[in-house]
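Residue numbers (the working numbering), protein chains in the order written: chain L, 1 to 444; chain D, 1 to 452.
Heads up, a few of these hints could be off.
What the hints assert, rightly or not - Derived SDA-like pairs (lysine to any residue); straight-line CA-CA distance at most 25 Å: (1) L:Lys130 to D:Arg214; (2) D:Lys452 to D:Pro134; (3) D:Lys215 to L:Gln126.
In short, the hints are calculated from the structure, not lab data.
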Amino acid sequence: MRGRIAEGLTPPVIIDFASAIGTYLDGGKIVVGNDTRISSGMVSSAVFSALMSCGCTVIDAGVVSAPELHFLVPALNADGGILIGAGHHPAEWNALVPLSRSGAYFNSVQMQELLDVYHGRRFSWQRYDKCGKIDVLPPGLSESYVELVCSQLNIPAISSGNFTVIADFCNGSGAHLASLFAEKFGIHLIPINDTLSGYLPHTPEPRPRSSLQVQSMLKVLKADVGFVFNTDMSRVAVVTDSCETLSEEYTFPLVVEHVLSCRAKEESCVVTNGCSTMTLDKIVEKYNGILSKVKVGQAHIIDRMQEVKAVIAGDGSGSIALGSSVPGFDGFMAMGLILESMALKNCGSAELAARLPRYHIIKRKVQCNSGHAYSLLRRMKGMFPDAVLTENDGFRFDWPDGWAHLRASETEPVIRIILEWNSLDGAEDKVLQITGQLERMVSI
Amino acid sequence: MTAVHNLKVSVSGVRGVVGESLTPSLVAGFAASFGEYVGKGKVVVGRDTRPSGVMFEHAVVAGLISVGCRPVLTGILPTPSIQIAVDELKANGGIAITASHNPADWNALKFIGPSGLFLDHGEAAELLNIYNQPDREYVREADYRLVKRYDNAFQFHRNRIFKHINVDLIRKAAFKVAVDCCNGAGAYYTVQFLEELGCKVVPVFVERDGVFRRKPEPVPENLQVLHEAVKTESCDIGFAQDPDADRLVVMDSRGEPVSEQYTVVLAAEHILSNTPGKVVANIQTTKALELVVKKYSSELFYSRVGEINVSSMMLEKNAIMGGEGSSGGIIWPAVHLCRDSYSGMALMLEMMAARRKSLTEIVASIPEFHSVSAKMNCSAEDALTVLRGLKERYAHLDPCTVDGLRLDWDDAWVLIRPSNTEPVIRVIAEASGQEMAASLVNRFISEIEGLK
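Please work from the sequences and hints to get the whole structure.
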C-alpha cells in the first residue's frame with residue numbers, strides 16, 4: 001500500500017490497512033520498522049495503534065533498513081512484519097509493506113487474502129483488556145544481521161583489498177549500519193548523506209542522475225568504487241573508479257557474474273523479472289545456469305527464489321537477494337559481493353563493468369492515469385507485427401536486435417517503457433517511436 | 001448495548017467502549033479534526049493508566065501530525081495537570097485520553113482549549129462540525145512536525161499549588177495520610193506530592209499496571225480498602241482519587257467516608273473563611289454548600305453539570321472557587337480553572353493544620369444532609385418526555401431547569417437529570433434525613449415510569 005502523504009496516505013487509510021494486517025495475522029507478534037522519511041513517524045504511530053487494537057504484540061524496531069527487517073521477522077520468531085518507508089519513491093510518498101512469517105513480502109495469495117480483509121472492513125478489534133502492547137527490540141540483533149551478511153562473504157579477501165569506498169545513503173536507514181559494516185569488511189568507508197534525517201539530498205532512486213555527488217568525489221578521494229543506495233537499502237547503483245555511474249540495470253548482472261563464476265554449481269538457478277537486461281541472459285548462458293523470469297515486483301521474485309532455491313535473485317532496479325541470506329533485496333549484500341568480486345578478481349570496478357556484455361537500455365514513463373493505461377496498453381498490443389509478443393505483466397516485444405517492455409505501473413499513474421537494443425541509435429529510434437505513439441493516444 | 005449506542009460524542013468529549021465503538025480510526029479522525037480546529041501548533045497529549053491508553057495515544061499522534069500539529073507527549077498524567085501543562089507550555093490545545101471515572105472497558109478523548117479549559121458547548125459544536133465535514137486539511141510531508149516528549153509536566157501543577165498554600169504550616173502538622181489512587185494516574189504522583197507536604201503516606205491501589213483494583217468511581221461504597229487503611233494505620237485523613245485524578249473524596253480519621261458531595265463544601269468552608277467571594281456549583285450539589293456560603297456572607301450560583309459549565313460560569317461571575325458536589329470536584333482558580341484533586345488535598349490539609357482540628361470535628365460543624373440517588377435506563381428521547389411532563393406537573397414549585405429539573409423545598413431537593421454520557425436518567429434527592437431522601441427518590445422513580 002503506497003501513497004502520497006495527505007492525499008492517498010492518511011491516518012484513517014493507514015489504520016484500516018494495518019488493522020487488516022493485524023486481523024489477517026490473527027493478533028500475533030508483528031515486527032514494525034521504518035525508514036527515515038519525515039512522515040514515517042506518523043505512519044508508524046497509526047500502524048502501532050491499529051495493530052494494538054487488533055491485539056497484536058508489536059515489536060518496535062524503529063529505524064531499520066529493509067534487509068534488516070527481512071532478517072528480524074524470522075529471527076524474532078514473529079508472525080509477520082510491516083515495513084514502513086518510501087524506498088526509492090520521491091519525497092511526500094510513503095508506504096506500508098506487509099511481511100510474512102519468513103520475513104519476505106507477502107506472496108500474491110497472501111496479498112489477495114489481505115486485500116479481501118481490508119476491503120471487507122471487518123477487523124478483529126479487541127476488548128480493552130486484550131489490547132496489544134509494544135515491546136522494544138532486544139539488543140544485538142542489528143549485529144546479528146551484519147554477521148549473517150558477513151558469513152556469506154569472503155571477508156578476508158575483501159579486507160585484503162584495502163578498498164576506499166564511498167557510500168551515499170540518501171539520508172536513509174542504511175546509514176546506521178555504515179560504520180559497523182565498514183569495520184567488519186575492513187574497508188575505508190566514506191559515508192555521505194548519512195544522517196537519519198529523512199531529508200532527501202537528491203532523488204532517492206539510485207540511477208545515474210542521482211549519483212552526481214558520489215561521482216564528483218570519487219576521483220578526488222581516490223576511491224575504488226562508489227555505491228548509491230535508496231532510503232531503505234533495497235536498491236543500489238554502482239559508480240566505478242572511472243567515474244562512470246553504471247545504470248542500475250547492471251548492479252544485478254555484476255553480482256550474478258561474480259556469484260556464478262565463483263560459487264555456483266552447474267544449472268544454478270537465477271531469478272529475475274521479464275524486463276531485465278539481455279546482459280543477464282548472456283551471463284547465465286555462459287555459466288550454464290537457468291534464468292527464471294517472473295512478473296515485476298519483489299514479491300514475485302523472492303517467492304520464486306524460495307520456490308526453486310535459486311542462488312540469487314534480483315532485478316533491473318538495482319536490487320539483489322542472495323538465496324542463502326535474508327528473503328528480500330539487500331543493498332549491503334550487493335555492496336559486499338561487488339567488493340568481493342573486485343578483490344578475488346583483483347580488478348578495479350571500471351574493469352569489472354567493462355567485462356560485462358553491455359547493451360543500451362532506455363527507460364521512459366508516459367503520464368497516464370491508471371484506468372486509462374490498461375485500455376491504452378491493449379491497443380498497443382498489435383502495434384509491432386514484426387516482433388514476438390509475450391504477455392506477462394504488460395507486453396514484451398522481442399526483435400532480433402533488442403526488446404521493449406510496456407506496462408502500467410502499480411505504484412504511479414504512468415506507463416513504464418523499458419527498451420534495450422544493441423546500438424544506441426537503434427534504441428533511441430525505437431523508444432521515440434513507442435513514446436510518440438503512446439503520447440498521441442493519451443492526448444486524444 | 002449495541003456498538004452504535006455506546007459511543008458518546010458530547011461536550012465532555014468522545015467516549016466509547018474500547019474495540020466496539022471507540023476505535024483507532026475514530027480517535028485519529030477526532031485528533032486530526034481537533035488539530036485543524038486549534039491551528040497547526042503544539043498540542044499537549046496526556047493519558048491515564050488504562051491499558052488502551054498507549055494505543056489511543058498513537059492514534060492521536062498520527063491524527064495530529066497529519067494536520068501539521070506538534071504533539072507534546074506527557075505520558076501518564078492527571079487530567080488537571082494536562083490542563084495546566086497546556087496553559088504553561090503555551091500550547092494551542094490539549095487532548096486528555098481518559099474515561100475519567102468510567103469503567104475500565106471505556107476510554108475517551110477530552111479536548112482542552114488554549115487556555116487549559118475544556119472546550120465549552122459552542123467550541124465543542126464547532127469541533128464536531130469540522131469532524132463531520134468530509135475533507136480533512138491534511139498537510140504535506142514537508143510541513144510535518146516531530147513529536148516532542150515532556151516528562152516532567154506534573155511539576156507545573158505542583159508548583160502552582162505550592163505557591164498558593166501554606167506549605168510550611170502543613171509540613172509542621174506532619175499528618176499521617178492514607179491515599180487511594182485507584183491504580184490511575186495518581187499512582188505516579190500522589191504519594192510524592194503528599195510527602196513533599198510533610199505527610200507520612202499510606203498508599204493503596206498504587207500498582208502501576210493499569211488494572212483498576214476497585215471500581216473507578218470514588219464514592220464511599222467503593223472505598224472499603226481505604227477505610228481499612230485509615231483505621232488500621234490511624235491516619236488523620238484519607239483521600240480517594242479517580243483514575244485521572246480530577247475527583248476527590250475524603251475520609252475522616254475514623255475511616256468514615258465523607259460523601260463526595262462534601263468535598264466542595266469542605267473546600268468552601270476553608271477558602272471562604274479566609275476570603276469571602278462568589279461560589280459556583282453545579283445543580284447537583286448539596287444544600288450544605290448553600291448554608292456554608294451563606295454563613296460567610298457569600299453568594300452561590302448554580303450551573304449545569306459538567307466541569308466546563310462550572311468553569312465558564314466561574315469566569316463569568318469572577319468566582320473565588322467552585323465545584324461539583326456530585327462528583328467530588330473542587331475547582332480552585334488560584335491554581336487553575338479545573339477540577340483538581342491535588343488542590344483539594346492541599347486545601348483539606350491546610351484547613352486541618354490552620355484550625356488544629358480533626359476532620360471529624362470540622363465535618364461536624366457543617367449541616368448534615370443525606371442524599372440518595374438512583375439511576376434507571378432511559379433513552380434520550382424518553383428522558384425529554386419525562387422532563388417536560390414533570391415541569392408541567394410541578395410548575396408551582398418554580399423548577400430550576402439549568403440542567404435537567406431541580407425542585408427545591410426548604411429542607412430538601414430533588415434533581416431529575418438524563419446523563420450526557422450514558423443512556424440513563426438519574427434521580428438524586430437530598431434531605432435532612434435519610435428516609436425522607438429515599439422516599440423522595442422512590443416517589444419520583446414511579447412518577448418517571450408513569451411518564452415514560
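Hint-by-hint comparison with the structure:
no.: 1; hint: L:Lys130 to D:Arg214; result: 19 Å, holds
no.: 2; hint: D:Lys452 to D:Pro134; result: 37 Å, violated
no.: 3; hint: D:Lys215 to L:Gln126; result: 22 Å, holds
Going through the hint list in order, the structure does not satisfy hint 2, though it satisfies all others.
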